[in-house]
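> Just need the whole structure built from these sequences, with the hints factored in.
2 protein chains.
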Amino acid sequence: MSEVNTISEVRAKATLAKGAATLMNRLTTEQKNEALLAMADALLAERDSIIEANGRDLQRGRENGTNESLLDRLALNSARIEAIAEGLRQIVELPDPVGNLLESFERPNGLLVEMKRVPLGVIGMIYEARPNVTVDAAGLCLKTGNTVVLRGGSAALESNRRIVEVLRGAIADLAMPAEALQLIEDSNRASVDEMLKLNGLLDVVIPRGGASLIQNVVQNATVPVIETGAGICHTFVDESADVEMAANIAVNAKAQRPSVCNSMETLLIHRACAASHLPVIADRMRAAKVAIRGCDATRELLADAAPVTEQDYATEYNDYILNIRVVDSLDEALAHIAKFGTMHSECIVTENNSNAQQFLQDVDAAAVYHNASTRFTDGFEFGYGAEIGISTQKLHARGPMGLPALTSTKYTIKGNGQIRG
Amino acid sequence: MSEVNTISEVRAKATLAKGAATLMNRLTTEQKNEALLAMADALLAERDSIIEANGRDLQRGRENGTNESLLDRLALNSARIEAIAEGLRQIVELPDPVGNLLESFERPNGLLVEMKRVPLGVIGMIYEARPNVTVDAAGLCLKTGNTVVLRGGSAALESNRRIVEVLRGAIADLAMPAEALQLIEDSNRASVDEMLKLNGLLDVVIPRGGASLIQNVVQNATVPVIETGAGICHTFVDESADVEMAANIAVNAKAQRPSVCNSMETLLIHRACAASHLPVIADRMRAAKVAIRGCDATRELLADAAPVTEQDYATEYNDYILNIRVVDSLDEALAHIAKFGTMHSECIVTENNSNAQQFLQDVDAAAVYHNASTRFTDGFEFGYGAEIGISTQKLHARGPMGLPALTSTKYTIKGNGQIRG
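Those protein sequence lines, which keep their order, are chains A and B. Residue 247 in this note's numbering sits at position 247 of the first sequence; the count goes up by one each step and never skips. Residue 291 in this note's numbering sits at position 291 of the second sequence; the count goes up by one each step and never skips.
For the record, the hints were derived by calculation from the structure and aren't laboratory data. C-beta atoms are modelled at their ideal positions from N, C-alpha and C, and glycine is treated no differently. One or more hints might be untrue.
As the list claims (entries may be wrong) - Pair ranges (Cβ atoms, derived):
1) Asp331/A - Asp173/B: 21 to 29 Å
2) Gln90/B - Glu185/A: 36 to 44 Å
3) Pro95/A - Glu165/B: 49 to 57 Å
4) Gln357/B - Asp331/A: 52 to 60 Å
5) Thr409/A - Asn188/B: 37 to 45 Å
Below you can see the structure in the form of structure tokens.
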């Protein structure tokens, strides 16, 4: 017993996950799909006990004064559990990248070199109080032959604990080892900090949540990280933009779902069309209940615009608020985006193909649009199916991360006694 | 003036490098190759002044009591400068991955989605006192349209300063901006620490050198890192191994060039063939001046073997020293490799294809060999040309890193007014 007590929960569970990695790597696609389908069935069969556990989380949340929007993200009901189970079934339908042969060549000395996709290994997921992420992340990681250590927000602990019990129970008699799925129940912040330093046990940590959660991971992890999410996205309305198209795209990018990372925070507009286009765009924004903050030139055209600050340009509102800045040129728009953008999604609305080409070439972001809303940066919209997140870093994966982003590669080399001369 | 003094050299030069990134990204392959060829010519033309600067480094090194092997790595002469210039010419010959179209598809809503290779952006290189790395790294980074901030070992500062002057001078009248190549001259350790935290300016840091340099980067960087190098590699001689082949491969893996990361540190041998094979292998090792440390069973067979410790198994000797351990089974060999290996290069020598298949499948390493020396893990040996290093992590790149490892991707999406419903 004393030995058990000297190992933290985080290290103990990560060690179990790593121990299961070899078995996971041996599973066939059929075995992995069988497990995911059993999990989906079990979620539906056990929905009452999951809703009950979730009720305890909700009650604790209300007692702690959690706001309604967070409670809504936390809440599970029968329809939501059905949607979550359906998400697992959709992952089953996605092609399994593991084992794909990416390169194969014979060297002059007769060595046969092959490079294949393999699982990443052990994935650490750190996220907020959204129980659906528990199932999504488990499904995506396990489908790709990884094992996963989940550390969700403490406000969802009862829900997550019951969900993981159900998922593990569902595969008890199947080829997939239950140890491949681990949930950290220690709700102290220290358990997150410990995960971030587990080099040798975790192969990668993926944070999913708000800016402060992601920054904590990026700043403190020694394990490799895939940075996701933060989105200060711009739409640049160029001199030649069609006013109707510009208004449609801008309102969609801002107001169709302001809380997500691919929504727009700042509209840049060329001075030459500001007088003609801004009033039209502003009318549509007002109709969508968007509050406007503008530069001086904007405020001359829009009497109701509040003044915008540098800090506003650097803020991801995730809300019905929009900055507007009038610029003198495409270059000024590009400089603004380079300064304030988070390399997520950026758009130019223009009828000038040469300007469009320069924007697509010069903007350093995961997804750059010509005449379409930034809201399309999404795994489903790209046709990739469910995604583990949207990478805003340049290493390993960039943009919507489908299943291949959860894999690595391995060289195997077959010889008949070759040695190096 | 006061303003200049408040910005550190590291931040100032990284800012210049980032400022040059857009221009670099616009260069054609021809423009990049023209610059590299001009650099190669200039290195030859200016070899005297480079050798002179190198002489000052060598003199300082001797005065500081630097050992001969480090002095040898630091030393430049006419032949070595010719080899370095030739390395640049070889990089010119490599295909440029930037701009390659990796995906292209039209969505049902008419959006045209393309994913192309783009430069990573700004690469930080941290390395030791080897002036050849200055040129290699510059060549590989610039060929792929990146800008680069070099921080070499302080013992090579005079050499590196002169080399970078020559390289920048060579492109003064060409399309490639000289600001794309930056050398940190501050030889305090603090300048390395500062680079590791330059999120937003550096897109990646690549350490190249010994284990302590790499671990410092991995442990302290908040910028994404590509971990390279450390290699505790094994050769497992299975029950059915051909004794001649096993001896050839083992001696090559250990003694052909012990100082490099893909050389072998520990030989594992199946108990069933230990008595027949070990004496043959040991004779060959002795002839190659390799000192042997062995487990108890090894020492029963080899009277001159010193005892091996757990710490020995965890050590990258980079020297003419070999651990030998007798194991009872393939599984025991796999467990040893999982415990002590650094996921670099591993080999099984066997005539049993089923065992070979299991080894290739289960060993979690960048390169796994059947019947060939681990010494082949190398960009040139794989036919990729010059490499920036050998990645031992699973994210982004694994194994020998050719030019594609120095790129990221970008989505561009072309529409005609699409918005999300």
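> All the hints need checking, so say for each whether the structure fits it.
Structure-based check of each hint:
1. Asp331/A - Asp173/B: 21 to 29 Å: Cβ of Asp331/A to Cβ of Asp173/B: about 25 Å, so the range 21 to 29 Å holds.
2. Gln90/B - Glu185/A: 36 to 44 Å: 55 Å, violated
3. Pro95/A - Glu165/B: 49 to 57 Å: Between Pro95/A and Glu165/B, where Cβ atoms are some 52 Å apart, the hint holds.
4. Gln357/B - Asp331/A: 52 to 60 Å: Hint holds: Cβ distance 58 Å, inside 52 to 60 Å.
5. Thr409/A - Asn188/B: 37 to 45 Å: Because 38 Å falls inside the window, the suggested range holds.
In this structure, the one hint that does not hold is number 2.
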